[in-house]
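Student: Spelled out from the first residue to the last, the chains are:
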Amino acid sequence: MSGLANNLSFYLVVSAIMFVFGIVAALSRKNTIGIFMGVELILNAAALNFVAVKLLQTKAAASPTQDGAIFSLFIIVMAAIEAAVALAIVLRVFGVKRSIDPDGMARLRG
Amino acid sequence: MTTNISLALLIPLFPLLAYFVQVFVGKRLPRMGDWVSLGAIFLSFVAASRIFLSMFNHFDPAWVETWHFTWFDLASLKTPFKLEIGVRIDNMSSIMLFMVTLCSTLIHLFSTGYMRNHHGEPEDGYRYASFFAYLSLFTSAMLGLIISDNLFTLFMSWELMGLCSYLLIGFYRHKISAANASLKAFMTTRVGDMGLFTGMLMLFTLPLANGQALGSFRFDDIYAAIQSGQFNFTIGGFHAAAVIGLLIFCGTVGKSAQFPLQVWLPDAMEGPTPVSALIHAATMVAAGVYLILRMFPLLEVGGVLTIVAYVGAFTALFAAILAIKQNDIKKILAYSTLSQLGYMVMAVGLGAYQASFMHLITHALFKACLFMSSGAVIYAMHHEQDIRHMGGLRKKIPITFACMFIATLAISGVPMFSGFVSKDKILVAAYAFGILDHSQHFFIPLAGFLTAGLTAFYMFRLIFKTFFGEPHDHHHYEEAHEVSFNMFVPLVVLAGLSLSVLFTGSLTGGLLGEGDFILKGANNWFETLVTNASFSAGHGEAWHEHLHHAHMPGMILSLVVASIGITFSYLVFGAKKISADKLAALWPSFVHKAIDNLYFFDWFYIKILIQKVFMPFSSFCAIFDDKVIDQGAVDGVKNVTQATKDVAGILIDDVLIDGLLVDGVGGAMPSALGSTLRTLQNGRVQRYLLVAVAALVVVLIWRGF
Amino acid sequence: MKLIDIFTLLIGISTVLTSSIVAFHPNILYAAISLTFTLISVAGFYVVLGADFLAAVQLIIYVGGIIVVILFAIMMSENIYRARFLDQARKYLAPIVFSTAIFWVLFKLISKTQFSLVADPVRVPISESVGVALTTLYALPFEYIALFLLVGLVGAVIVARPDYKEIHYKDEGSSK
Chain A
1 MSGLANNLSF YLVVSAIMFV FGIVAALSRK NTIGIFMGVE LILNAAALNF VAVKLLQTKA
61 AASPTQDGAI FSLFIIVMAA IEAAVALAIV LRVFGVKRSI DPDGMARLRG
Chain B
1 MTTNISLALL IPLFPLLAYF VQVFVGKRLP RMGDWVSLGA IFLSFVAASR IFLSMFNHFD
61 PAWVETWHFT WFDLASLKTP FKLEIGVRID NMSSIMLFMV TLCSTLIHLF STGYMRNHHG
121 EPEDGYRYAS FFAYLSLFTS AMLGLIISDN LFTLFMSWEL MGLCSYLLIG FYRHKISAAN
181 ASLKAFMTTR VGDMGLFTGM LMLFTLPLAN GQALGSFRFD DIYAAIQSGQ FNFTIGGFHA
241 AAVIGLLIFC GTVGKSAQFP LQVWLPDAME GPTPVSALIH AATMVAAGVY LILRMFPLLE
301 VGGVLTIVAY VGAFTALFAA ILAIKQNDIK KILAYSTLSQ LGYMVMAVGL GAYQASFMHL
361 ITHALFKACL FMSSGAVIYA MHHEQDIRHM GGLRKKIPIT FACMFIATLA ISGVPMFSGF
421 VSKDKILVAA YAFGILDHSQ HFFIPLAGFL TAGLTAFYMF RLIFKTFFGE PHDHHHYEEA
481 HEVSFNMFVP LVVLAGLSLS VLFTGSLTGG LLGEGDFILK GANNWFETLV TNASFSAGHG
541 EAWHEHLHHA HMPGMILSLV VASIGITFSY LVFGAKKISA DKLAALWPSF VHKAIDNLYF
601 FDWFYIKILI QKVFMPFSSF CAIFDDKVID QGAVDGVKNV TQATKDVAGI LIDDVLIDGL
661 LVDGVGGAMP SALGSTLRTL QNGRVQRYLL VAVAALVVVL IWRGF
Chain C
1 MKLIDIFTLL IGISTVLTSS IVAFHPNILY AAISLTFTLI SVAGFYVVLG ADFLAAVQLI
61 IYVGGIIVVI LFAIMMSENI YRARFLDQAR KYLAPIVFST AIFWVLFKLI SKTQFSLVAD
121 PVRVPISESV GVALTTLYAL PFEYIALFLL VGLVGAVIVA RPDYKEIHYK DEGSSK
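Chains as they are written, first to last, in my numbering: chain A, 1 to 110; chain B, 1 to 705; chain C, 1 to 176.
Just so you know, these hints were derived from the structure itself, not from any lab.
All C-beta atoms, glycine included, are put in the ideal place defined by N, C-alpha and C.
Heads up, a few of these hints could be off.
What the hints assert, rightly or not - To be clear about the criterion: a stretch of chain C counts as covered by chain A if any three or more of its residues have a C-beta under 8 Å from a C-beta of chain A, and this derived list gives those stretches:
hint, region
1, 3-16
2, 40-49
3, 122-130
4, 134-142
Stated by the list, open to error - Derived DSSO-like pairs (lysine-lysine); straight-line CA-CA distance at most 30 Å:
hint, chain 1, residue 1, chain 2, residue 2
5, C, K91, C, K108
6, A, K59, C, K91
7, C, K91, A, K97
What the hints assert, rightly or not - Partial selection, computed: residues in chain A whose CB lies under 7 Å from chain B:
hint, residue
8, I23
9, L27
10, D103
All chains, full assembly: derive it from the sequences and hints.
Tutor: Quick look at the structure:
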């Protein structure tokens, strides 16, 4: 095995850790913005995987286009959209309820 | 890149920069930055003059300078897509550039007076700056359109102009009528633009006779393909060039307000008068004619010139009839614009593109003069536009009167003035085509000559009612005074440019034969330069032959018709020998009704086309959406779900839980199960997420190992 | 171990540490600032992986844009001088159980899989090839994501603005 920088498993494990921390944050925060930050972590973990696999995995590296980077780019754009919409919702909800506790937003209960 | 090309690139750039300056910092500049726009367009004018002089130095009908670059090139796609854009300077575009920058400079100058009130303060607060910003953008778009060597950038500028016309026509946004007019102008021209865009795309992508798509928007490539006969195939039984040509002509019909999309142009009078001058003289409506002049070979190959000629002739005649009964000074000019645009389109249809282009230029100059004169009258009369309230103004505002009178002589086709020369050429072409060549098309020359007479009639009616006779509104009359210098200088310049000698090199426009040219070597420079050798015959050799024979009778007839119109107008409105009311009573009431209702076009579009066709269609779509998609698909799924739930409810709840567990097992377990399950449906997003993650864990463990 | 490996290891440690702070720190502001460093670390990973363009984009959009927006939202939606700014809920049990399970499964998957690795990966600047790909092969997704962004932004504006009726436009017409 060559160095750590060329070890795909290392990136995948780090990304898995990020993913898991993202899930923990999204599940346990008592604050909508905290949930949102957890989702950002999850998205970043996925984007990191794309880039790492593109560089290091044989089949992916053989592709002539930079697919990994492009999908990560799309993920970043999507995260930007998500940031805009989610924070607009947060501000709106805060304006109405004076609180952004996700448990307070339970009007849609079945 | 030659000097002329760099200059041509600078020409639209100056007003564009001025636009950005005006939009962002305009209202903080001294005088709200009107000098920025004016200076920018003046710089463009200087550059355009340089190109114009360079054209004279060459003095070659075939002179053309082009420059283009590849904007983007998607060569790695399965169907390569390459877009080249550039600049094309030839005789036509240099004349056009000169005219547009000149008119626009004068209109900017005029606006610095017109858009301020009588104390010299901007009328609309800081929107004075926006007005100049829009004017600059409008001019920039038009100049960009002229220098384009391809349909793509032409279309971009074209749409930009549509936007600016919307902004400017609706400039007095506190008036509902202005807001509606701007919307109407925007929407109506959009109908035509659809055709233009479709035509462009067909031109670009359709496989031609050699099996290859043209893949270029550049005029040079289009001309080359036409000349090598690449368009000689059919689309659905029609000649390809005819289909594409007519689609592109749709753009002209919208932008140059031809029948049947002419409805927006009279309403566009709701904008400030300098805007009317800009739209109706130099820019927007001229763009449509310029487009078909550029696309003339395509129309010619397709054999649709006769259709174009009929559209133009219809528009010319019917707009002229409408103009007679108008009382709003700007409306009269609007209908005369329509009518003159009909002339230009008709001339293209007759194959006399030189005459059409010449009329485009001469008309732009004298119509700008007429509009700005009317603006000066309106300004002097404190925004009174009804000519029935005017009268006797020639003593109060002599300079405006003189300029407007000269421009009226020009538009009426009086010898020595520019309108005579260009209109005469069109009428001669119509005479040759409709009487000598194809007698079944007699309507075209008939409409042409009738329109000439009517034009003289209603334009002199305007003059007599406004400047002669007794004042009808003494209050306004007493207050009227001559406008300041920045408003009358443009009038004087444009009136000076309405002389025919500038266009033909002869005082009388060649009326007395070849002998009276005063500028030897520049005889008929205009026609010599604009004639494009690569554009072939038009309506064939016979027509060209007839053109020579038609010259004398056509000219005499047009002179006779114009003098009849002027004399009649004098008798009715000047000397009042014939009562106007009695004259009106001669016509049956349905004629009046038709004219008063603008031939029911607005009624037809709104009541029939929109309310009876489009609205039902869109409500049908809405019903389809509601009934079929929502109720059928979405609600259907819901119903299935609900039914499943009901069945499951009966089975699981009643039978399994109630029957077995409650009755069977007892109280403790069901309540524990119920409270656990209830927590799943508590409306808390994190709990839902948790369930999803739990499901993910289950799936991963189940599938992963 | 070469320099790049040490660098990678440091970035990995930093990523893990900062993302754990994002997940567990009770103070939402600290968590947000920590998220900044996580994102910077990910940008570092991109550098290590030779995706120079993406690293720049990550820094500009995420660190420069999204984090600022998050901080804004925190400032605007919570009174930072009050205790509720802290995240007091300690309901970590179920999330940690499930997350550990997921991590365990993922780790097993990663360690079991035999990746066919590139022996000597080439790290060349990718900006040009990304640009070319975006305008050729990925032109349509690119347009689509642009449209998506537009729609999202318009939606965000509509959601965030106060009720339409509350806005009274002043007549800015005449200064006469």
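Student: Look at each hint and say if it fits the structure.
Tutor: Structure-based check of all given hints:
no.: 1; hint: 3-16; verdict: holds (count 8)
no.: 2; hint: 40-49; verdict: holds (count 5)
no.: 3; hint: 122-130; verdict: holds (count 4)
no.: 4; hint: 134-142; verdict: holds (count 4)
no.: 5; hint: K91/C with K108/C; verdict: holds, 27 Å
no.: 6; hint: K59/A with K91/C; verdict: violated, 43 Å
no.: 7; hint: K91/C with K97/A; verdict: holds, 23 Å
no.: 8; hint: I23; verdict: holds, 6 Å
no.: 9; hint: L27; verdict: holds, 5 Å
no.: 10; hint: D103; verdict: holds, 5 Å
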